[in-house]
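Going down the list, the protein sequences come from chains A, B and C.
Under the working numbering, the residue at position 226 of the first sequence is numbered 226, and the numbers go up by one with no gaps.
Under the working numbering, the residue at position 221 of the second sequence is numbered 221, and the numbers go up by one with no gaps.
Under the working numbering, the residue at position 185 of the third sequence is numbered 185, and the numbers go up by one with no gaps.
For the record, the hints were derived by calculation from the structure and aren't laboratory data.
All values reported here derive from a predicted model rather than from experimental measurement.
Incorrect hints may appear among the rest.
[Said to hold, decoys possible] Short, incomplete list of chain B residues facing chain A, as computed with Cβ under 8 angstroms:
no., residue
1, Ile-245
2, Val-251
3, Ala-260
[To be verified] Now the in silico label distances, taken between C-beta atoms and shown as ranges:
no., chain 1, residue 1, chain 2, residue 2, range
4, A, Glu-183, B, Gln-12, 16 to 26 angstroms
5, A, Ile-146, B, Gln-102, 53 to 63 angstroms
6, C, Thr-208, B, Thr-7, 54 to 64 angstroms
7, A, Met-1, C, Thr-7, 48 to 58 angstroms
8, A, Glu-183, C, Ile-173, 52 to 62 angstroms
9, C, Thr-67, A, Ala-109, 19 to 29 angstroms
10, B, Gln-11, A, Asp-106, 30 to 40 angstroms
11, B, Thr-8, A, Pro-98, 24 to 34 angstroms
12, B, His-157, A, Asp-130, 35 to 45 angstroms
13, C, Thr-208, B, Thr-8, 51 to 61 angstroms
14, B, Ala-234, A, Asp-106, 52 to 62 angstroms
15, C, Gln-105, A, Gln-105, 57 to 67 angstroms
16, C, Gln-105, B, Thr-8, 55 to 65 angstroms
17, B, Ala-71, A, Thr-233, 22 to 32 angstroms
All residues carry an ideal CB built from backbone N, CA and C; glycine is no exception.
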Amino acid sequence: MNLELLTTLRQQNPIVFNVANFVTVQDVANGLNALGASPIMSAEVAEAESLVTIAGAVCLNLGTLTTRQIAQMQTVGRIANQQATPIVFDPVAVGAVPYRLQVAQDLLADFQVTVIRGNAGEIAALAGVDWQAKGIDAGTGGGDLIAIAKACAQKYHCVVVLSGPTDVITDGIRVTQVHNGTELFQLHVGSGDLLSSLVAAFAAIESTDSYTAAGVAAVVLAGTGELVADQLTAERPGTFAVGLIDKLHLVTEKELAQIAKYDE
Amino acid sequence: MNLELLTTLRQQNPIVFNVANFVTVQDVANGLNALGASPIMSAEVAEAESLVTIAGAVCLNLGTLTTRQIAQMQTVGRIANQQATPIVFDPVAVGAVPYRLQVAQDLLADFQVTVIRGNAGEIAALAGVDWQAKGIDAGTGGGDLIAIAKACAQKYHCVVVLSGPTDVITDGIRVTQVHNGTELFQLHVGSGDLLSSLVAAFAAIESTDSYTAAGVAAVVLAGTGELVADQLTAERPGTFAVGLIDKLHLVTEKELAQIAKYDE
Amino acid sequence: MNLELLTTLRQQNPIVFNVANFVTVQDVANGLNALGASPIMSAEVAEAESLVTIAGAVCLNLGTLTTRQIAQMQTVGRIANQQATPIVFDPVAVGAVPYRLQVAQDLLADFQVTVIRGNAGEIAALAGVDWQAKGIDAGTGGGDLIAIAKACAQKYHCVVVLSGPTDVITDGIRVTQVHNGTELFQLHVGSGDLLSSLVAAFAAIESTDSYTAAGVAAVVLAGTGELVADQLTAERPGTFAVGLIDKLHLVTEKELAQIAKYDE
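Next comes chain A alone, as it looks inside the complex (with noise of 0.2 angstroms):
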């Protein structure tokens, strides 16, 4: 795991371009900039490609998709694809809506991904997999994650991240399992988010091997919100929030490496 890439997203300082789910906006802008990235939001199809020009990599979140941000995305996708500029999707609530999960597929149709970020329900909805998501939750299922990532980034052609207590990246052969975290992720609102945004800005200065981007950021998240809430003596979803924007400022390549546990 190239943990160095911490150092260099810290140096390179690259533009996001983000998409994004209104519930959480703040909270991602906040964790990419106390990262060392420099967030851009935008709900307007004509800088489409001013924007996608100046960033390093777009984030495309269904959270609180309108039929005008899905014609946003359309454009925004297909110019990124035009100009080889990485793209991160993630397919909010597509395991408990149908709609959603129509207006993904059709997105994914349009242009093609480099990384899905999804929780099980989600990602097991892409690969066509059966499985019991709750809203935006997770859900239960009794299928095996690994299999469930596998296919939907065989599907797809692009790496997928099935985030959870332990997070699944896979590029439908190789398979990294990151076994860092905590609970309070669940308990606070916009992990995935964060997570889905931070993936792009390591696919911006790693665009030539999106599966190395995604499992580095995966390990700086889920480290560096396990390094928090072992601070904490008991579950404060609040307290967390705030802690984990600090670490993600200050959170070391050497304090992530004592701590990383993975398998590759």
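For chain A, the structure is supplied; the task is to place chains B and C on it using the hints.
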């Protein structure tokens, strides 16, 4: 006051579908999530039916209404009525902005809401009582708050929560007054929005008795805020907001029962 | 520097109507509220006249502009001009995105603004000075910041606040430089948006002297941030953001007078 509903809520983890105020949406989502509910927000009418179907309750917030969002609320409200899903309605700033009062009245004529939650200026405006509201704030007036809340409840055939230093909950006949709270709620934007969504969460698990659900929600939020404020040595609205999310997750029935101050 | 305006603001509790950047809107609302103003946000043109009428000042932020929002800003700007209500204009990212520069120029031709608040890259772009802006960040350039701010103020016949490590406030002739601040402002997304809205709050209570209002706003925010940063033992952007909201409520004229560092 049936505070055991808090335990029921945490066991059932109801989905609350919010047509949200974009100013406070992240805080509301985190508050719902911290307490033990599952928030989902949407701005797209095409997924209205799916979301009402998976939700235990709906919360419609006028805080940042647009013509598009008003049309969405009409559809969501009608579908929720068809499915007998409880609706909480938050008429933000109807006391200060004539356009909003008209929109609120039109929506209230379009479908039947279960609970209206607003401050004194907002409830007075809906009830047709003269009052000096100020922007999003309650403003000042000389009326009898209980009479105003009752008049509003009788006019719209629903439960009313008139929140303020004392929360008044009424179904038009019965009245509960909740005396818990802290002035810090006024210093944190979105306290009212959060209360509306918490009322929806309790209505989701106690759909046959929304009067009780609303009263319990008021005690839970006011009591939790009071517990947080009691730990502060100065009026720190930022720290209060973080502590409120923490404590919504940690607070117990027993703690609330010990401090609850209400008249039924 | 007339810091007594802070006490006046808290006494008058002016309503500030924001056409907002959805990324930072909650933080801006809480900052205004904590300081002692009353925020209201709207995205609907149909209520523009009502909101301008009740507001003491208007803040127009291009941060997440859409064609719909641009049309709303046109209407709000014209009505504010008719009512002689101060307008603060925040040209987010006009230095990096040509489309935004065009929109900003069109709006500035449409109505007269009272104050423009931007970073070096944004003010340089409006002034027509060559500069290397980077996304939402100031970027780097070799120009003289005072000359750039003056040129922008003269071109648009308004007060300009060019914010950064040193804030430059000018009406095109007079210049105030505010040297307070902390690097943590750069680590927290939305510090500039908050400054713009605080300028509007002070302009609401000092509408005949917006140059003074802007200078006081700059000292209040930069000074408050400095006081918060002085209490931190490491660069913690999350903790800083919470502390800033706390301290905006608690800070006194006397505290600010003791640390204020400016040239007039």
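Hints and how they fare:
no.: 1; hint: Ile-245; in the structure: 3 angstroms, holds
no.: 2; hint: Val-251; in the structure: 12 angstroms, violated
no.: 3; hint: Ala-260; in the structure: 22 angstroms, violated
no.: 4; hint: A:Glu-183 with B:Gln-12: 16 to 26 angstroms; in the structure: 19 angstroms, holds
no.: 5; hint: A:Ile-146 with B:Gln-102: 53 to 63 angstroms; in the structure: 56 angstroms, holds
no.: 6; hint: C:Thr-208 with B:Thr-7: 54 to 64 angstroms; in the structure: 59 angstroms, holds
no.: 7; hint: A:Met-1 with C:Thr-7: 48 to 58 angstroms; in the structure: 56 angstroms, holds
no.: 8; hint: A:Glu-183 with C:Ile-173: 52 to 62 angstroms; in the structure: 60 angstroms, holds
no.: 9; hint: C:Thr-67 with A:Ala-109: 19 to 29 angstroms; in the structure: 27 angstroms, holds
no.: 10; hint: B:Gln-11 with A:Asp-106: 30 to 40 angstroms; in the structure: 38 angstroms, holds
no.: 11; hint: B:Thr-8 with A:Pro-98: 24 to 34 angstroms; in the structure: 29 angstroms, holds
no.: 12; hint: B:His-157 with A:Asp-130: 35 to 45 angstroms; in the structure: 43 angstroms, holds
no.: 13; hint: C:Thr-208 with B:Thr-8: 51 to 61 angstroms; in the structure: 59 angstroms, holds
no.: 14; hint: B:Ala-234 with A:Asp-106: 52 to 62 angstroms; in the structure: 53 angstroms, holds
no.: 15; hint: C:Gln-105 with A:Gln-105: 57 to 67 angstroms; in the structure: 41 angstroms, violated
no.: 16; hint: C:Gln-105 with B:Thr-8: 55 to 65 angstroms; in the structure: 58 angstroms, holds
no.: 17; hint: B:Ala-71 with A:Thr-233: 22 to 32 angstroms; in the structure: 48 angstroms, violated
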